[in-house]
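Mind docking chain S on chain C? Use the hints.
Residue numbers (my numbering), protein chains in the order written: chain C, 1 to 294; chain S, 1 to 341.
Everything labelled a hint here was simulated from the structure, so no lab data went into it. Just so you know, nobody snuck in bad clues.
List time: in silico EDC-like cross-link candidates among lysine to aspartate or glutamate, alpha-carbon distance up to 20 Å:
#1 S:K174 <-> C:D87
#2 C:K100 <-> S:E190
#3 C:K174 <-> C:D114
#4 C:K26 <-> C:E6
#5 S:K134 <-> S:D64
#6 S:K134 <-> S:E81
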Amino acid sequence: MQIALEARNLVKRYPGVVAVDGVSFKVTEGTCFGLLGPNGAGKTTTVEIIEGVTPATAGEVYYFGELAGRRFREEAGIQFQNTALQDFLTVRETLEMFQKLYDRHADLERIIEDCSLGELLNRDNRKLSGGQRQRLFLAVALVNEPRLVFLDEPTTGLDPQARRNFWTLVRRIKANGTTIILTTHYMDEAHVLCDEIAIMDAGKIIASGAPDELLRSRYEGLVIELPLEDLSRDLDGIDHVVYENQGIVEIMSTDVSSSLEALAPRVQNLNRIKIRQPNLEDLFLDLTGHSLRS
Amino acid sequence: MLKRIYAVFLARNREFVRDRGTLAWNILMPVILVFGLAFVFGGEGRSQYTVGVLQSSSEIDAADHPFLESRYIDFVPVTDETDGFRKVERHRLDLLVRFGDERRYWVNPESPTGYFAERLLLQSDAEVGGQMQKAQISGDPIRYVDWVLPGILGMNMMFSCLFGVGYVVVRYRKNGFLKRLRATPLRPAEFIVAQVASRLVLVLIVTTFVYLATHVILDTRMDGSYLTLLLVTVVGCISMVSLGLLIAARVTSEELAGGLLNMISWPMMILSGVWFSLEGAGPAVQGLANIFPLTHILDSARAVMLDGATLLDIAPSMIMLTLLSLAFLALGAFYFRWGPD
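With the rest of the complex left out, here is chain C (with noise of 0.2 Å):
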């Protein structure tokens, strides 16, 4: 597999803020990559210089081997986080006319079909749903058949059946062989839907591979989550990592039975008490200790 897109050390500076500060990656042609972190973390600053639509202050994008142009810009497809379209046009003519800015068209019924807009195609695109609006974005980032498409943030603001929809389509996208950036500040869906994963905070990447190779390589055992008003003592003598985050007690084991023999004193409701694999969500904030350590 070639390498469809490269960035090498961007930066970007405004005044008294270095919102990317050195940021290098490279995606493997038909995977999907996602760019992880928190609102500010510089995700979307990122892809925008990638996009060509944010000068850097430094730094260099190659598609496919040769500098980010032309070519990219035509063989690209983008779906911004917010973005305006032109009013008054209906859905099908705002796809028709993003389709007639490219030599390469995709068909646009099919387009229509995988993005759920057939009964839509004669509204005001400035009447639609939020979820309705975020296919439409989709569906103009897929006119012109992309070889590479970037998705910022496509699942903010959506409920949860209109996520699960969204990654479908996703997964669609890239069963095509279609190359995907992601950006998003949702651990799971990353998980659910990337091969590789770059983690930004503060403008920097912190961590970057496979999501699962990432977890493998950082923790051993499982996390066991109970509720802190359930905690009838301290935790001192458990010899284990322990967070609390938003009141909910984690810890980290390698041996869940002795794990759970020795909380079992402490704990007035063991029906709480759940056990699960280490997230993404865990990773982060072991990373950046954005949660309380205990």
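Chain S in isolation, oriented as in the chain C frame:
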């Protein structure tokens, strides 16, 4: 309730003060307006009428007749009789007078200002024995509506092109639509050409419709070629849209864009001869008027409609409009930015 009003009041004021372009504009606008109007209409107060004095010399001697001592009338020396008649016909002079041995005056019977200027002349003349003879200008008099129609169509075209393109492009930039387009293979020049073409078609349809309706209902004068008039409209429209694009090339605030567009459009409306002729105005004012596209559009349209001018006759104005368009488009494309960055 007051707390809520105060919160919104404070937020809006902060927005206004921190938008430096708009703030600067709001301070500069009245200053520019006051000094601009003082420059254009400076002197002893704005004259109400313009009277041509037919004579061989270029200096007017107020001792020739008491009428020449009247205040608030611009007296313009006219050395060529035919030229003087033409200006009266075309409402560029309210009255043409000749003193000396054969005292005569010429007035366009269709001119309201000519009527009042004539009253003033006859009143003054009565003081010295009433010797002025009224003379006829041969041919059909040109009505004020014939003269003002190109002005109104030109003004409508100007506002449609400047605001319809300039203001809209700023709105596109502000709401992120330009950013969305930037992520496509669309080039700035292609975007600009599309904007020019879109507005051109729209303005041509509207202007043609209004012109034809007026022409049919009011039987307005048309001595020249419709094709030449269409060419004037096309070239004029392109120059106006180009100017709008230049103004909108980088601006991100609708308030600032509105201010800048008004700063351009209002002087054009006043100095380009939409409602009244600037005959008799100082050379500096006329020079300023000549850099405005609207002046050349109206001069050309009136020449075609009222004088039957050919394309060759209006070639200097057409060339000027083309040069202005090229300059506006080149600068607009050079300064154009998709986003605020």
